Amino acid sequence: MDEKRIKEVVEGISISSDTRIRILKGCKDKWDQRNKRIMMVKKTMKVSICGIIVMALLLIIPLTNKENNFELTVYAAMSDGTSGPVLLDSKKEVLLQLQNTPVGRGYIFEVTLPDKYAFKCVPAEENQPLFTIYQEENNIYWIPDIQTAGNIYNRDTERMEPQIFNGEVRLCKFDIYIYNPDNVLEEKLHIEFRVKGNECSVRFD
Amino acid sequence: MDVKQIETAFETYWDKLYRVALIMLKNEYDAEDAVQDTFIKYMTKAPVFREREHEKAWVLKVCINVCKNKIRFHSLHPAIDIDSIEISGHQKEDEVLITSLVGLPDKYKEVVLLYYIEGYSCKEVGKILRLTESTVKKRLERGRNLLKKELGEE
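Keeping their order, the protein sequence lines are chains U and V. Under my numbering, the first sequence has 145 at position 145, and the numbering climbs by one with no breaks. Under my numbering, the second sequence has 34 at position 34, and the numbering climbs by one with no breaks.
Calculated lysine to aspartate or glutamate pairs in the EDC-like style (CA-CA distance at most 20 Å, straight line):
#	chain 1	residue 1	chain 2	residue 2
1	U	Lys4	V	Glu124
2	V	Lys41	V	Asp2
3	U	Lys25	V	Glu28
4	U	Lys7	V	Glu95
5	U	Lys7	V	Glu124
6	U	Lys7	V	Glu93
7	V	Lys138	U	Glu3
One-sided excerpt, in silico: chain U residues whose CB lies under 7 Å from chain V:
#	residue
8	Ile6
9	Cys27
10	Lys30
Ranges of calculated distance between the beta carbons of each label pair, as one might list FRET restraints:
#	chain 1	residue 1	chain 2	residue 2	range
11	U	Val41	V	Gly103	38 to 44 Å
12	V	Glu95	U	Met40	46 to 52 Å
13	U	Ile38	V	Glu11	22 to 28 Å
14	V	Ile6	U	Ile60	46 to 52 Å
15	U	Leu63	V	Val48	50 to 56 Å
16	V	His54	U	Ile60	52 to 58 Å
17	V	Glu53	U	Cys50	46 to 52 Å
18	U	Arg22	V	Lys138	36 to 42 Å
19	U	Leu57	V	Val48	42 to 48 Å
20	V	His54	U	Leu58	54 to 60 Å
21	V	Glu53	U	Lys43	39 to 45 Å
22	U	Ile38	V	His54	26 to 32 Å
If you're looking for bench data, these hints aren't it; they were derived computationally from the structure. Small disclaimer: the values here were computed from a predicted structure and weren't measured. Ideal Cβ positions, reconstructed from N, Cα and C, are used throughout, including at glycine.
Just chain U, with the same shape it has in the complex:
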């Protein structure tokens, strides 16, 4: 076998000019398709990333706002002698102002919750004699035990402001349980009352 013939024969294979044009066109088409595919993948990735970011924001925003949705408004005595509703901040102590409530003289807490949420007020410790608690719709009424719905009047039928406590400082702790629409406990607000004489202040954690 003449080994040189192999080279000559293979190189002698005729290739038509159409073949060259077909190969060149095929290369161009494949290259364009590849670039389109890459563009599509990049576009899909961009859209996916944007989608993920939007979804994450949609999930994160309600979570970050959740804490603000649980608000406690109390009727407070201001340092300038006036009184009015005050939003209770965590760790900040507020001096409360006695109010007339449907169940007697006491302190009013207004609980602001998201729709279909519910709450329940529970003493954190047993044997806490300072308050009787009434709960009505969004309000909690804290009625010091000495203040009753009947009130006390003197001979001249003037309403008497009873002396609630003497000078000792007494503490009283409650928890407000907040339930989501599925009735699952979602938040627990810890409320601490500090009573000294006629003054009652409150703070929550």
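Position chain V relative to chain U; hints supplied.
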């Protein structure tokens, strides 16, 4: 990689690659496809070569690998359609030689193509195909013997 470089590479190698692919795949459409895939890889990878010879070895290696993949994945082992390959001069012996060559097992065929047609040494063939020099020599010898047998020279 600029357009001129791609055009130069295409004009330099397309016919060489086509012949190699044609012998490997025994089918002109698959051969065209293999050459296109080789150039797509060339454009995608955009390799930088210090010498023209390195570039030639690279494209041949890629083309042979593309052909091997086509054979492996599509089980392309049809009988050669000799009418689709036209040889200048058109001698009967040439047709027989081409038929025998395309009928060689792939591992012998790739070595024979690089050694006899592209003129690489056994060492260079070994580098391109990642084989030892002695393996290349053995395969060349066996390929040669098979060809001789087919051509009735034994």
